[in-house]
Amino acid sequence: MRLFPREETFLPQFARGAEVILEAARVLDALAAAPVLDDERAVRIKQLEHQGDQIAHETFDLLNRTWITPIDREDIHVLVRNLDDVLDFIDAAAARIVLYRIASTTPELKKITSVIVQSAEAIQKAMALLSDLKHSKQILEACVEINRLENEADTVAQLAIGRLFAEARDPIEVMKWKEIYDFVEGATDRCEDVANTLEAIVIKST
Amino acid sequence: MRLFPREETFLPQFARGAEVILEAARVLDALAAAPVLDDERAVRIKQLEHQGDQIAHETFDLLNRTWITPIDREDIHVLVRNLDDVLDFIDAAAARIVLYRIASTTPELKKITSVIVQSAEAIQKAMALLSDLKHSKQILEACVEINRLENEADTVAQLAIGRLFAEARDPIEVMKWKEIYDFVEGATDRCEDVANTLEAIVIKST
Amino acid sequence: MRLFPREETFLPQFARGAEVILEAARVLDALAAAPVLDDERAVRIKQLEHQGDQIAHETFDLLNRTWITPIDREDIHVLVRNLDDVLDFIDAAAARIVLYRIASTTPELKKITSVIVQSAEAIQKAMALLSDLKHSKQILEACVEINRLENEADTVAQLAIGRLFAEARDPIEVMKWKEIYDFVEGATDRCEDVANTLEAIVIKST
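Residue numbers (the working numbering), protein chains in the order written: chain A, 1 to 206; chain B, 1 to 206; chain C, 1 to 206.
Because the hints were derived from the structure by calculation, they are not lab data. It cannot be assumed that every hint is accurate.
[Stated by the list, open to error] Within a straight-line C-alpha distance of at most 25 Å, the following computed PhoX-like cross-link-like pairs (lysine-lysine) qualify:
1. Lys46(B) <-> Lys111(C)
2. Lys125(A) <-> Lys111(A)
3. Lys46(B) <-> Lys134(B)
4. Lys137(A) <-> Lys46(A)
5. Lys125(A) <-> Lys110(A)
6. Lys204(A) <-> Lys204(C)
7. Lys178(A) <-> Lys46(C)
8. Lys204(B) <-> Lys110(C)
9. Lys125(C) <-> Lys111(C)
10. Lys137(B) <-> Lys204(B)
11. Lys134(C) <-> Lys204(C)
12. Lys46(A) <-> Lys134(B)
13. Lys46(B) <-> Lys137(B)
14. Lys46(C) <-> Lys134(C)
15. Lys137(C) <-> Lys178(C)
16. Lys125(C) <-> Lys178(B)
17. Lys46(A) <-> Lys125(A)
18. Lys178(A) <-> Lys137(C)
19. Lys111(A) <-> Lys204(A)
20. Lys134(A) <-> Lys46(A)
21. Lys125(B) <-> Lys178(B)
22. Lys178(A) <-> Lys178(B)
23. Lys204(A) <-> Lys204(B)
24. Lys111(A) <-> Lys46(C)
25. Lys204(C) <-> Lys46(C)
26. Lys125(B) <-> Lys110(B)
27. Lys125(B) <-> Lys46(B)
28. Lys125(B) <-> Lys111(B)
29. Lys204(A) <-> Lys110(A)
30. Lys204(B) <-> Lys111(B)
31. Lys204(B) <-> Lys110(B)
32. Lys111(B) <-> Lys46(A)
33. Lys178(C) <-> Lys46(B)
[To be verified] Label-pair distances were calculated between CB atoms; the ranges are:
34. Pro107(C) <-> His57(B): 29 to 37 Å
35. Asp72(A) <-> Asn151(B): 27 to 35 Å
36. Ala103(C) <-> Thr106(B): 33 to 41 Å
37. Lys46(B) <-> Arg163(A): 34 to 42 Å
38. Glu23(B) <-> Arg163(A): 21 to 29 Å
39. Asp132(A) <-> Ala30(B): 29 to 37 Å
40. Thr155(C) <-> Lys125(B): 48 to 56 Å
Being a predicted model, the structure only gives us computed values, none of them experimental. Even glycine gets a Cβ: it sits at the ideal position worked out from N, Cα and C.
The following block holds chain A by itself, in its conformation from the complex (with noise of 0.2 Å):
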């Protein structure tokens, strides 16, 4: 029993999105593992945020003329917004250390990075998979490390937000880094809901 028995076309679609959001998180652990002022790792983020917004437009428009879908149209289309939406937080992050100036790093903020990385192999990996039922237990294994992950990122964060606040001296400061962690906490809940949706779709075929 496949997931996929009659349309290969999907499948392919989902590995190069989740091969450009792994590009991009490790394009953004490098960029705040060493921020420099104007860095252009932001700007290869950008690129990127448009190849995933390109194949998320290809698969709509392929989707609008396939007519027998290997699963729920709205399950695709679920699924690539998604992963877009994970493009969409990466690319905020980055954003905002150029745009904020930030020339420094904090082990907290390269920690979630290093976690954001780690998502995206996870998603990579069950996307993989997603060819074939059988390989249902070890894509829902994926899902729960995925969830795992993003818990992992949020105690970092709430340990270095209130360390933000407890020594920060300048508001200014506080907001900025308050904002980037934020974002990057949020790029792990995209790609916890990626997991969701993945889990879902596992769960219908089974």
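Given chain A, put chains B and C in place with the hints provided.
Then chains B and C, alone, in the frame of chain A:
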């Protein structure tokens, strides 16, 4: 082939919903262009928001009494909620302008509220086209336009926020304006949600 | 006509979920009434949030093993997620009160947390009525009540935030309280999401 073969009653509801959004968007645009202390235009927008709630409840009642719906019941539900969310953000932006006693404007705020008006016009156009499947291409074009407008608002909001953090002296002022920019930009995000739902409805129906 | 003709197993899960939310809401309400430094009630709420996660996972497992569900699988999935979101916001509010070392309260905070308790009671009531289609009118009334409570919380939060920005001297304090108000008000928004999902389930089933 018509999208609404049997029941024409939902279309007028959506048209009324879109009209209320467009009026609220225009009042917000006027308010943003020249806000005064205790601006009464926010009261008008709050009235429109209640009107939107009323239309939403009528539509749900109608749904409750209708056995065969032209499009999936769930999609009607989601679309009504999406329209409601647009109004909520327009109302929140207007309410914040009054609450924070804002009595001046910025070029960026005016630009974004004018983008909200354009998005509301595109929503109204798409809703009017919804009666007929042969319009699906034009509906999808309106959705693409709404997505483009959201990107435009996003770019302007980022510039505005960058300038705000770089130039403003008073942290409290920065907080106030940051939130107003977030709400007006959020209104264009919610318009994009409407577009995405419409896109999904059209894709399912073709 | 019963909404859950064959499988009664999901109803007890929803009832347990609603019960955990109500307990968390009551602990938050007590915490908000008289917060102390390093308040242990936030730890209790975190435990309840983990209990909620546990219930959610059990429900998904159950869904995975059930071939014929009383309501659409997707709706069960969305409802479980919605209940989880309410707990997340209650937990986030409590965590912020501790994280920001808040040791005083405001009339508005107490008012909003008491509204959360009322919303949680209405959710519990609606869940208990879900077993029988002839209760659909009462379920919809509970949903209307939850919507009304959200509007009430929203009004109080706006007043609170207006006062905060007008009166507070320390921008860092403004930021802290602003976020706490946003999270408690957000908890009532998430209760409204539960109401909207219940409304959609009832509408589809009648």
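The hints, checked one at a time:
1. Lys46(B) <-> Lys111(C): 22 Å, holds
2. Lys125(A) <-> Lys111(A): Holds - the C-alpha atoms of Lys111(A) and Lys125(A) are around 21 Å apart, at most 25 Å.
3. Lys46(B) <-> Lys134(B): Between Lys46(B) and Lys134(B) the Cα gap is close to 37 Å, so the pair fails against 25 Å, i.e. violated.
4. Lys137(A) <-> Lys46(A): 35 Å, violated
5. Lys125(A) <-> Lys110(A): Holds, at roughly 23 Å.
6. Lys204(A) <-> Lys204(C): Answer holds: Lys204(A) to Lys204(C) is near 19 Å, not above 25 Å.
7. Lys178(A) <-> Lys46(C): 22 Å, holds
8. Lys204(B) <-> Lys110(C): Violated - the C-alpha atoms of Lys110(C) and Lys204(B) are around 47 Å apart, more than 25 Å.
9. Lys125(C) <-> Lys111(C): 21 Å, holds
10. Lys137(B) <-> Lys204(B): Since the Cα atoms of Lys137(B) and Lys204(B) sit roughly 13 Å apart, the hinted pair holds (cutoff 25 Å).
11. Lys134(C) <-> Lys204(C): Judged against 25 Å, a Cα distance of about 14 Å means the pair holds.
12. Lys46(A) <-> Lys134(B): 36 Å, violated
13. Lys46(B) <-> Lys137(B): 35 Å, violated
14. Lys46(C) <-> Lys134(C): Violated, because 37 Å separates the two Cα atoms, which is more than 25 Å.
15. Lys137(C) <-> Lys178(C): At roughly 37 Å apart (the allowed maximum being 25 Å), Lys178(C) and Lys137(C) break the hint.
16. Lys125(C) <-> Lys178(B): 39 Å, violated
17. Lys46(A) <-> Lys125(A): 24 Å, holds
18. Lys178(A) <-> Lys137(C): 44 Å, violated
19. Lys111(A) <-> Lys204(A): Roughly 35 Å between the alpha carbons, so the hint for Lys111(A) and Lys204(A) is violated.
20. Lys134(A) <-> Lys46(A): 37 Å, violated
21. Lys125(B) <-> Lys178(B): With a Cα-Cα distance of about 31 Å, the restraint between Lys125(B) and Lys178(B) is violated, given a limit of 25 Å.
22. Lys178(A) <-> Lys178(B): 13 Å, holds
23. Lys204(A) <-> Lys204(B): 19 Å, holds
24. Lys111(A) <-> Lys46(C): 22 Å, holds
25. Lys204(C) <-> Lys46(C): This hinted pair is violated, its Cα atoms lying about 35 Å apart.
26. Lys125(B) <-> Lys110(B): Status holds; Cα separation ~23 Å.
27. Lys125(B) <-> Lys46(B): 24 Å, holds
28. Lys125(B) <-> Lys111(B): 21 Å, holds
29. Lys204(A) <-> Lys110(A): Roughly 37 Å separates the two Cα atoms, so the pair is violated.
30. Lys204(B) <-> Lys111(B): Since the Cα atoms of Lys204(B) and Lys111(B) sit roughly 35 Å apart, the hinted pair is violated (cutoff 25 Å).
31. Lys204(B) <-> Lys110(B): Answer violated: Lys204(B) to Lys110(B) is near 37 Å, above 25 Å.
32. Lys111(B) <-> Lys46(A): Holds. Lys111(B) to Lys46(A) sits at ~22 Å (cutoff 25 Å).
33. Lys178(C) <-> Lys46(B): Cα-Cα ~22 Å, so holds.
34. Pro107(C) <-> His57(B): 29 to 37 Å: 31 Å, holds
35. Asp72(A) <-> Asn151(B): 27 to 35 Å: Check passed, 28 Å falls within 27 to 35 Å.
36. Ala103(C) <-> Thr106(B): 33 to 41 Å: 38 Å, holds
37. Lys46(B) <-> Arg163(A): 34 to 42 Å: 40 Å, holds
38. Glu23(B) <-> Arg163(A): 21 to 29 Å: 47 Å, violated
39. Asp132(A) <-> Ala30(B): 29 to 37 Å: Cβ of Asp132(A) to Cβ of Ala30(B): about 57 Å, so the range 29 to 37 Å is violated.
40. Thr155(C) <-> Lys125(B): 48 to 56 Å: Given range 48 to 56 Å: violated, Cβ gap about 34 Å.
Of the numbered hints listed earlier, those contradicted by the structure are 3, 4, 8, 12, 13, 14, 15, 16, 18, 19, 20, 21, 25, 29, 30, 31, 38, 39 and 40.
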